[in-house]
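Build the full structure now, drawing on both the sequences and the hints.
Protein chains: 2
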Amino acid sequence: MISVAIMGHGTVGSGVAEILTTHKHKLFSAVGEELYIKHILDLRDFPDSPLADRFTKNFEDIINDIEVRVVVEVMGGTNPAYDFVKRCLMAGKSVVTSNKELVAKHGRELLEVAKENNANFLFEASVGGGIPIIRPLSQCLVANEVDEIAGILNGTTNFIFGKMINDNMDFADALKLAQDLGYAERNPEADIEGHDACRKICILASLAFGKHVYPESVYTEGITKVSLEDVKFASKLGYVIKLIGDVKRDKEGKLDIKVCPMLLSKDCILAGINDVFNGIMVKGDCTGDVVFYGKGAGKLPTASAVVADVVDCAKHLKARKRIFWTEGNSKDIASYKDSVTAMYIKVAGNGEEALKAFPNSKVMTEDNKTVLITKEYRFGEIEEKLNSLQVLSAIRIGNL
Amino acid sequence: MISVAIMGHGTVGSGVAEILTTHKHKLFSAVGEELYIKHILDLRDFPDSPLADRFTKNFEDIINDIEVRVVVEVMGGTNPAYDFVKRCLMAGKSVVTSNKELVAKHGRELLEVAKENNANFLFEASVGGGIPIIRPLSQCLVANEVDEIAGILNGTTNFIFGKMINDNMDFADALKLAQDLGYAERNPEADIEGHDACRKICILASLAFGKHVYPESVYTEGITKVSLEDVKFASKLGYVIKLIGDVKRDKEGKLDIKVCPMLLSKDCILAGINDVFNGIMVKGDCTGDVVFYGKGAGKLPTASAVVADVVDCAKHLKARKRIFWTEGNSKDIASYKDSVTAMYIKVAGNGEEALKAFPNSKVMTEDNKTVLITKEYRFGEIEEKLNSLQVLSAIRIGNL
Chain A
4 MISVAIMGHG TVGSGVAEIL TTHKHKLFSA VGEELYIKHI LDLRDFPDSP
54 LADRFTKNFE DIINDIEVRV VVEVMGGTNP AYDFVKRCLM AGKSVVTSNK
104 ELVAKHGREL LEVAKENNAN FLFEASVGGG IPIIRPLSQC LVANEVDEIA
154 GILNGTTNFI FGKMINDNMD FADALKLAQD LGYAERNPEA DIEGHDACRK
204 ICILASLAFG KHVYPESVYT EGITKVSLED VKFASKLGYV IKLIGDVKRD
254 KEGKLDIKVC PMLLSKDCIL AGINDVFNGI MVKGDCTGDV VFYGKGAGKL
304 PTASAVVADV VDCAKHLKAR KRIFWTEGNS KDIASYKDSV TAMYIKVAGN
354 GEEALKAFPN SKVMTEDNKT VLITKEYRFG EIEEKLNSLQ VLSAIRIGNL
Chain B
4 MISVAIMGHG TVGSGVAEIL TTHKHKLFSA VGEELYIKHI LDLRDFPDSP
54 LADRFTKNFE DIINDIEVRV VVEVMGGTNP AYDFVKRCLM AGKSVVTSNK
104 ELVAKHGREL LEVAKENNAN FLFEASVGGG IPIIRPLSQC LVANEVDEIA
154 GILNGTTNFI FGKMINDNMD FADALKLAQD LGYAERNPEA DIEGHDACRK
204 ICILASLAFG KHVYPESVYT EGITKVSLED VKFASKLGYV IKLIGDVKRD
254 KEGKLDIKVC PMLLSKDCIL AGINDVFNGI MVKGDCTGDV VFYGKGAGKL
304 PTASAVVADV VDCAKHLKAR KRIFWTEGNS KDIASYKDSV TAMYIKVAGN
354 GEEALKAFPN SKVMTEDNKT VLITKEYRFG EIEEKLNSLQ VLSAIRIGNL
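Going line by line, the protein sequences match chains A and B.
Just so we're aligned, residue 4 is where the first sequence starts under the numbering used here, counting upward by one.
Just so we're aligned, residue 4 is where the second sequence starts under the numbering used here, counting upward by one.
Derived from the structure by calculation, the hints contain no laboratory data.
Check each hint, because a few of them may be wrong.
Copies of one chain are not kept apart here, so a pair can be met inside one copy or by any two copies together.
[Stated by the list, open to error] Lysine-lysine pairs mimicking DSBU-like chemistry, simulated, CA-CA at most 30 Å apart:
hint : residue 1 : residue 2
1    : K214      : K318
2    : K29       : K251
3    : K302      : K41
4    : K108      : K60
Have a look at this one:
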């Protein structure tokens with residue numbers, strides 16, 4: 004029997020407890036031993052839970068229990084999650100988390116603490132919810148150099164774009180619907196400003212390129228400036244707009260990493276990923292494009308990824324998994340100005356001035372507004388040109 | 004240093020040797036030791052290879068070399084692959100293969116021999132080429148009951164359908180083009196008759212449901228009867244035609260497993276998978292739909308999956324991976340007659356008789372031919388009805 008503690012009994016945490024209970028027999032045959040929930044840490048009371056006798060409000064009950072070998076952290080945020088996780092690892096307990104903020108901010112340090120204490124620190128659920136991506140990236144694609152990772156990493160914003168594209172809703176209405184359906188938080192900033200997607204592309208970049216990429220060093224642009232009119236113009240030109248997290252090496256070996264809305268050709272496989280689904284494309288030098296698609300959030304999908312990591316920890320109590328990356332340096336990150344891209348630019352009138360600034364663009368004029376699909380330029384150059392124009396919208400065009 | 008032997012120096016085998024050479028440093032840091040190619044078994048001569056000194060024509064050189072810990076089998080076919088692999092496992096050497104025929108026919112036995120001898124038998128590359136699917140299915144989705152697996156498992160037939168759909172080619176021309184481009188063999192039977200896809204869905208079914216499913220117990224229908232006219236009718240009705248391998252449990256707990264052409268709604272994520280790409284959808288009770296997409300064949304994609312397994316074997320020389328399934332029984336497989344499906348049926352004339360047999364069907368008549376999209380029936384019943392009609396085409400409609 005292997006004793007497990009779960010810190011947090013919210014959406015994901017209660018899902019983890021549910022799966023450990025309902026899938027008991029399948030998990031037993033996978034591990035070879037029973038996974039027993041010994042403690043659940045939450046400040047709230049759950050007197051009606053069938054596991055009511057396991058609840059505690061005191062973290063010391065977990066850290067001091069030598070029988071607990073695997074700890075699940077699904078509290079969210081970094082305080083007290085960071086401190087609790089670190090102490091568990093220092094005590095030689097393996098930790099599984101779905102907490103992307105924790106991994107994006109402290110992953111490098113926590114992986115090192117895990118290594119020093121011969122414990123595992125796993126976080127499959129931190130990116131893509133129930134979609135297997137961390138393990139395939141670290142194991143199956145080990146025989147590849149990763150050239151690029153690009154993904155739809157936030158289901159909420161993808162849902163909002165879907166409503167704009169398919170149901171003709173404007174941004175505010177689509178956001179309200181997402182909130183009413185429980186997809187978006189009352190304070191939706193982390194989603195719509197791109198912070199959530201940023202944390203996830205940071206985790207993927209750290210794993211694929213071996214050095215920690217911190218969220219604050221990543222160019223991040225949300226979706227609030229994208230209008231229904233832009234969505235419609237894009238569609239007429241054969242594109243859909245998605246919020247994309249993207250990382251690749253530039254010619255100087257620096258990481259060109261960003262999160263921003265992008266126009267994707269309708270032929271691109273990521274363009275077809277709708278609703279609250281996530282899709283992550285990994286370009287390997289041997290495999291070519293591989294795409295992982297599924298529900299990027301939600302109670303049971305995310306919890307099932309957590310439980311898969313628990314199983315992995317339980318099977319490797321003495322052997323460490325080789326997930327590891329080293330300290331990063333902001334000098335390894337290219338300036339967003341050095342990124343090269345084509346642009347979608349919308350201006351009032353017939354676009355004469357804009358076309359002078361961006362010659363040889365593809366042009367469409369409707370209702371006294373003009374849209375340009377430009378050639379590729381360094382983004383720094385694009386910014387300068389845009390400063391001298393009166394522009395209604397400017398969105399990158401993805402080349403995936 | 005861990006010594007590796009490669010049996011077979013064809014397309015995939017030479018790719019494995021290439022990746023082990025070009026990605027040496029990356030693999031070293033993944034394993035913690037060098038992976039050294041000690042022997043390459045092939046009956047042909049390769050005097051110009053940089054590894055010319057490692058070639059042998061004698062299997063005994065491999066089996067008798069106690070330094071060889073991991074053997075790669077990429078010869079194809081089952082004779083002598085089956086015998087060689089079994090002997091390697093009995094000698095305690097781990098084996099990695101891309102050979103779907105071998106795994107589909109002898110997987111259960113070879114997994115048992117591996118277990119008895121504390122060796123690993125891994126076969127990530129046998130399904131989906133470079134797409135990670137075996138490991139995610141066995142590890143990441145361990146906390147799920149699999150409800151259904153459905154996939155485009157054969158790139159050649161998908162390429163042929165793509166040419167029919169997008170370039171208006173008829174079947175024979177599209178097949179010839181696939182052969183000219185090297186996607187299809189001169190003898191294309193294994194692809195177009197569905198045998199290749201059948202082996203792959205058998206492997207996935209065995210892994211997901213825990214009992215060996217043998218290819219000869221699976222209803223398998225190729226794509227040769229699908230005409231350009233069917234593809235066009237399907238398109239007008241909002242469908243695309245794909246060759247699908249599909250397995251799920253029916254109400255009695257038996258496996259409803261089949262390989263056949265299916266009409267898929269254009270909204271289905273698998274409908275958008277074009278060219279030689281593969282796509283595999285796994286429906287888990289917790290994750291919902293998860294899709295894996297990428298190049299299902301080709302030298303480097305397949306070889307990179309083989310090398311990932313070699314790394315896994317090298318890291319687990321003493322510990323066995325828990326991939327395992329038990330002997331299967333044809334009684335566990337439902338009759339194809341008990342499968343329930345809606346149908347696309349094409350008849351000459353106005354379809355009056357057909358509509359009597361399949362009332363409440365959706366109907367479209369063009370050029371004195373009529374197409375019905377029927378309600379769902381048990382396939383046995385459909386067969387009886389079809390026997391009393393003169394039918395030009397009858398294709399299942401996928402409900403994925």
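Going down the list of hints, with the structure as the test:
1. K214 x K318: both (27 Å within a copy, 23 Å between copies)
2. K29 x K251: between (39 Å within a copy, 18 Å between copies)
3. K302 x K41: within (21 Å within a copy, 49 Å between copies)
4. K108 x K60: within (26 Å within a copy, 54 Å between copies)
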